[in-house]
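**Student:** Sequential numbering from 2 applies to the sequence shown in my numbering.
Calculated directly from the structure, the hints in this document are not laboratory data. Hints are not guaranteed to be accurate.
Claimed, not checked - Result set (SDA-like, lysine to any residue): computed pairs, CA atoms no more than 25 Å apart in a straight line:
#	residue 1	residue 2
1	Lys345	Pro400
2	Lys345	Ser457
3	Lys345	Gln430
4	Lys345	Ala431
5	Lys345	Glu320
6	Lys345	Glu433
7	Lys345	Val329
8	Lys345	Gly450
9	Lys345	Thr392
10	Lys345	Gly383
11	Lys345	Val326
12	Lys345	Glu311
13	Lys345	Leu384
14	Lys345	Glu387
15	Lys345	Pro310
16	Lys345	Pro419
17	Lys345	Asp395
18	Lys345	Thr324
19	Lys345	Thr417
20	Lys345	Gly367
21	Lys345	Ser420
22	Lys345	Glu334
23	Lys345	Thr441
Said to hold, decoys possible - Here are the computed distance ranges between Cβ atoms for each label pair:
#	residue 1	residue 2	range
24	Ser318	Asp201	49 to 57 Å
25	Asp509	Thr468	23 to 31 Å
26	Val329	Thr196	57 to 65 Å
27	Val329	Gln430	21 to 29 Å
Cβ coordinates follow ideal geometry from the N, Cα and C atoms, glycine included.
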Amino acid sequence: MHQVPTAAAASGLDCQVSQDVLDCGELLRVDLGTGVNQVTTPAAWEVTSPQPQASPAATADQGLTTNTGEGTAEGASPATTRPTAPAAQVSASGTPDPRASSATTAPTAPATGTGAWTRVTGSATTEVPLALDDEGGLTVDGEAVSGLSLGGERPVWAAPVEVPRRLAGMRLPVTREVWVVGDGEQLAVVDGPETLWVRDLPEGTADLTGATDSAPPEWLVDSGAVVLAEPEGIIALDPETGTTLWTVTTPVTSWAASDGTIVVVSGATASVLSFETTSPSSTALPTSGPDSEEALDLEAIRNATLEVPELCMPAASQEGGATFVDGVASSTEAGVVPATATMKEVIPGVFDSRPVAVVVMSCSGGGNTGFDVLAVYSQADGLLGELDLVTSGDVGTTPNLLIEEVHAVGETITLTVPSIQVAGDDSCQACEGSASATVTARWDGESLGIVDVVYSLPSGSLRIPATEDVQAAYDAIASGEAEEAEQYMSPELAAELDVTLGAQGSTDTVRSLQFPEGGSVVSCALAAPGLDTGTYSAPGVESGTEALDPGAVICPVTSDDPALPWLAPQQDQYGNDSYLSWLILEADESGDFRVTGFGRAFG
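Go ahead and model the full structure; you've got the sequences and the hints to work with.
**Tutor:** Right, dumping it as structure tokens:
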């Protein structure tokens, strides 16, 4: 599942499949093998959040216990059949009242399988023996087709498909050619003058076909299945009988199909279905699919007893977890302000091809301060994973860590953390930070982990440079090779490194003390304001006394070489490593950087 940029969702998508990439323009370019959007700029995530769709309650014996306030209610939602082995499954997420919104005509894409769509006109040809008479009746080789009337105001399209020949009801190992015909209001298969089956399509389906006088419909056809979009989902039909082979239920406002790939747009959400095939050139469509895990009732999640992330555990009132009523769980310990866990947002997602609920919880130990944490729940396993940015400290310093603008993107989740304090900001509990972070986390099958963080400041955006790249810069500077090191720092800083320190005759230089060979870069983080005005701090380092520009990055350096004791980490009062030497960098949105200075807490 992929979030579609608001601008793209409003204007419709123009998607093309090229090898393993679904290219829908500069803001949406999806790797079909991983389901990951290759566009990583923050602008790509300016989207409208989908609203959850109602479904029956989750069952208690599958990891979730529903609390109705009067007891436990049990129910089961109907299973949704899915195509076999999708690379990125569709999710039943929608937008506010999607069924009432007008459909966006999908871009055209080539049909697949044994047939190619042809516009049916008043004249038949040798290749296409179908024609329309003056009253809209369909003829084949000049003979009227019974039980079918097409040819209204919408164009009629037809595609040939091979189906088995039969003898006394038995399938033979040979095929015959029949024709799939449709105008968006009716779909049928005809065998000569005989109508094998006809299906009346739901209202709104015609607008989803994309068929015009010059462009064919967005339907996939081969001998195994006819796949089309209806306003309530994607459906696959047996071309010989018209029976339903499988369905994927999700509101559809637009869709595009090419070969074995379908992109479904539901408001601001795009979902990719990619069918398993025997070879890269195969165009076979699946004729059946396994039942999916039952969908979660997102409203029932707000009234359930759930295991909660560690940060919210004070709100757990029993061994089995925290009991939520209308999205709020409270501790029951007498005589104290109750700890609470409050569901700020519940949105649908898909992990490992199964539906999940992505929940933003505000956790408070009692009092007015709360911190947000992300929790993911599945029907069968309950709490599937969590993302605790407070305990990990992975996004920087913020007085009250909040999580906003959450989007489930297949097995990837993007979110925004506002009010991050950077060098130059005031440092206090009530002080707002001037930066924000767009965080991308991914489910690896066992846990959620951060894979990308983009910081946005008034001066621009930046990524923290990779530690191995900073290590390469450190090694180049430590080597004293000016030509190699100059790509990482300014000439002014390079000249400063060769200044001699100590008494006359000393061989110690700034370089030998600050960049001794063998030093190891630990990690890098965004510099935060220090306790005193004009100072800065960072995880694992002593406070720096000089003022830094907002967006400065700090990278502590260490060594286990006994000859470099000033690079050995010290233990702070909490037992954490504290480093006495560090690099100061400036970085850009791509993670490119240069060394602008250094800090130290030794004489």
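**Student:** Would the hint linking Lys345 and Pro419 be met if the CA-CA limit is 25 Å?
**Tutor:** holds, 15 Å
**Student:** Does the Cβ pair Asp509, Thr468 satisfy 23 to 31 Å?
**Tutor:** holds, 27 Å
**Student:** Is Lys345 close enough to Glu334, meaning Cα to Cα at most 25 Å?
**Tutor:** It holds: about 24 Å lies between the C-alpha atoms, which stays within 25 Å.
**Student:** Regarding the pair Lys345 and Asp395, is the alpha-carbon distance no greater than 25 Å?
**Tutor:** holds, 22 Å
**Student:** Sort out whether Glu433 lies within 25 Å of Lys345, counting only the CA atoms.
**Tutor:** Distance ~21 Å between Lys345 and Glu433 Cα, so the pair holds.
**Student:** State, for the Cβ atoms of Val329 and Gln430, whether the hinted interval 21 to 29 Å holds or is violated.
**Tutor:** Since the Cβ atoms of Val329 and Gln430 sit about 24 Å apart, the hinted range of 21 to 29 Å holds.
**Student:** Just to be careful, I want the Cα atoms of Lys345 and Ser420 compared with a cutoff of 25 Å; is the pair within it?
**Tutor:** holds, 18 Å
**Student:** Would the pair Lys345 and Glu311 pass a check requiring their Cα atoms to be no farther apart than 25 Å?
**Tutor:** At roughly 17 Å apart (the allowed maximum being 25 Å), Glu311 and Lys345 satisfy the hint.
**Student:** Verify the proposed pairing of Lys345 with Val326, using a straight-line Cα cut of 25 Å.
**Tutor:** Satisfied, since the Cα-Cα distance of roughly 13 Å is no more than 25 Å.
**Student:** Does Glu320 sit within 25 Å of Lys345, going by the straight-line distance between their CA atoms?
**Tutor:** holds, 23 Å
**Student:** Given the hinted pair Lys345 and Gly367, is their alpha-carbon gap at most 25 Å?
**Tutor:** Holds, at about 17 Å.
**Student:** Taking 25 Å as the top limit, are the C-alpha atoms of Lys345 and Pro310 close enough?
**Tutor:** holds, 15 Å
The structure agrees with every numbered hint stated previously.
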